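Here's the letter readout for the chains.
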Amino acid sequence: MNREDFPMLDGNLIYFDNGATTLKPNQVIDSMTDYYSKYCANAHRGDYSNSLKVDNMYEGVREKIKKFINAKEKSEIVFTSGATDGLNRVVFGYFKKHLKAGDEVLLTVSEHASNILPWFVLAKEIGIKIKYIPLDCHHEVVLENVEKMLSDKTKVISLAYVNNVVGDIRPIRDIVELAHQRGILVVGDGAQSISHIKTDVTQDDIDFFVASAHKFYGPTGIGFLYGKFDLLDDMDPVSYGGGMNAIYMSDGYMELREVPTRFEAGTQNIAGVIGMGEAIDYLDKIGIKNIIKHEHELKEYLVSKLKKIDNIILYNEDTAGSIVAFNVKDIFSQDVAIYLDKYNICVRSGNHCAKILNKAFNVENTCRISLCFYNTYEEIDKFIEIISNIGNIWNEIL
Amino acid sequence: MDKELKRSIILDNYQNPYHRERHDDEEGYIKINSRNVSCIDNIDLYVKMKDDKIESISFDGEACVISISSTSIMSSLLEGKTIDEAIEIIKNYDNMIEEKDYDKDILEEALVYDDVARQPSRKKCATLTWHGLYKKLLELNEEK
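As they're listed, the protein sequences go chains D and E.
Here the first sequence stands for residues 70 to 467, numbered as in my numbering.
Here the second sequence stands for residues 4 to 147, numbered as in my numbering.
Treat the hints with caution; some may be incorrect.
Below, a sample of chain E positions facing chain D; criterion: calculated Cβ distance under 7 Å [claimed, not checked]:
1) 10
2) 13
3) 14
Worth flagging that the hints you see were computed from the coordinates, not collected in a lab.
All values reported here derive from a predicted model rather than from experimental measurement.
Even glycine gets a Cβ: it sits at the ideal position worked out from N, Cα and C.
Work out the full structure: start from the sequences and follow the hints.
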C-alpha cells in the first residue's frame with residue numbers, strides 16, 4: 070500500500086525493520102523542509118506573521134495528537150524527544166515524587182530497556198521494588214499473571230502495549246481496570262503499538278502513555294507523552310529554562326507555566342513536531358483499520374511460508390502483532406542478517422534492547438522481521454526464496 | 004591469499020574451533036569476557052600463563068562467524084608466545100584490520116581477515132577478543 074509515497078522504496082530495498090524505525094513518506098519530509106525553507110521562526114514568540122504561523126502549526130499538532138489517541142484535552146499532550154524521554158520524565162518527574170521505599174512496580178522481562186532502566190535507577194535512589202509479571206508459555210502477558218503479582222505494595226504497572234521482540238498485543242484495558250480497582254497507576258509504552266493498533270487513551274483509561282514519531286512514519290528525535298491532566302499537573306519537569314517559567318526572582322522564587330508548557334523548556338524540535346503532525350495526518354488518511362488488516366494478512370502469509378522451511382525456528386508464530394522472531398538452525402542471527410543484506414533485505418538481529426528476555430526465550434539472539442503497511446507479498450516471496458537458499462551463506466558473506 | 008582458501012580457513016575455525024571449552028573457576032585460568040554492545044557477540048576467553056608465556060587459550064560464547072573464527076585463530080596463534088611477542092602480533096593484526104602497515108610474516112592464518120575492512124561492521128567482530136586479550140596482556144606486563 071502507498072509505496073509511491075516513500076522515496077526509500079524507489080529502488081529494490083526490502084525493508085523489514087519497521088520495529089526499529091519506519092521509513093518516511095514525502096509528505097512528512099516535505100512538511101519539515103517547508104518549515105525550514107518557507108516560514109522558519111521560533112514558536113511562542115508570535116510578534117510577526119511567520120512566528121505566529123509556527124505557533125499555530127506547533128499547537129495544531131498537539132490538537133492532532135489529542136484526536137489521534139482520543140485524549141480529552143490537548144493540554145494532556147507533552148512533546149518529548151521520543152518514548153524513552155517520555156518514560157524517563159514519568160519515572161523521574163512523577164513517580165520519584167510519589168513513590169516511597171518498599172512500593173512495588175510491575176514490569177515484564179520483555180520490556181524495552183527504556184521501560185526498565187529508569188525504574189532500576191529509581192529503585193536505587195528511593196528503594197522501590199521491581200517485580201516482573203511472569204510471561205505465559207507464548208512469552209505473552211496474560212491478565213491472570215498480572216493479578217497474581219499484585220500486592221498492597223503495588224503502586225505502578227508499566228508495560229508496552231505491544232512488545233518489540235515477541236510482538237504480542239497486551240490486554241491493556243483489562244489490566245488498567247484491574248489496577249484502578251486497587252488504586253494502581255498504569256504507564257503504557259506505545260512505541261511499537263501506535264502505528265499498528267488503534268490507540269484510545271480515554272477508553273483504555275491509561276494514566277500515562279508515550280510514543281516516538283519515528284516509529285509511525287514521522288521524524289526521529291520527537292515524540293509525545295500523554296498523561297491525565299491531574300497527574301501531569303502533579304508531575305515535576307525534569308528540565309528547567311526558557312519558555313516554561315511564568316516568573317522568577319533573584320532570591321530563587323519561581324512560578325512555572327501551565328501544563329503542558331511547563332514541560333517544554335528551551336526551544337523545541339519544531340521541525341520534528343511539524344513532521345510528527347504530518348505523520349499523524351498520513352496515518353489517518355490510510356486508516357489504522359486498513360493498516361491492521363494488511364499487516365495481519367502479511368504476517369500470516371510470512372509465518373505460513375517460513376513454517377515450510379525445515380531449518381527455521383519460529384519463536385512467536387501465534388502472536389497477533391506484525392513482528393516475526395526467528396533463527397536459522399546452527400547459524401548465528403547476525404550472520405543471517407548479513408546474508409540477507411547482500412540481497413538488500415533489512416532485518417534486525419540481536420536482543421532488540423530487551424536484554425533480559427533471553428531467559429524466557431532460552432535463546433540469546435534472534436532475527437526479527439517487523440512488517441508494516443508498505444510491505445508486500447512479493448517482498449515476502451523474495452525473502453522466502455533467499456532464506457530457503459541459506460545453504461549458500463558462507464559463499465555469500467565470507 | 005585466494006578467496007576460496009580464506010573462506011575454508013574461516014569456516015574450518017568456525018565449525019571446528021580450536022580449544023572451544025570453558026574453564027570457569029579453574030585455578031590458573033584468567034577469564035576475559037569480551038562483548039560487543041552494538042551487536043551481540045559475547046565470548047569468554049580463558050588464558051593460562053606459565054611465567055612469561057601464554058601456555059593455553061580456550062574460549063566459549065555466542066557470536067558470529069567472524070568473531071568465533073578469529074578467536075579460534077588467535078588462540079592457536081598465540082599459544083606458546085611470550086607476553087611481548089603476543090602484544091606485537093596483536094598490534095600487527097590490528098594494523099592489518101585498520102589498513103595500516105603490518106608485518107605479514109607473523110600473522111599466519113590470521114591473514115584471512117586482511118580484507119575485513121571492506122565490511123566496516125565486521126571490523127569489531129574480527130578484533131573483539133583480540134582487543135580483550137591485548138588489554139589483559141598490557142596489565143600483566145605492568146604487574147611484572
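Here's how the hints hold up against the structure:
1. 10: With Cβ-Cβ at 4 Å, under 7 Å, it holds.
2. 13: Hint holds; residue 13 (chain E) Cβ to chain D Cβ min 5 Å, cut 7 Å.
3. 14: holds (6 Å)
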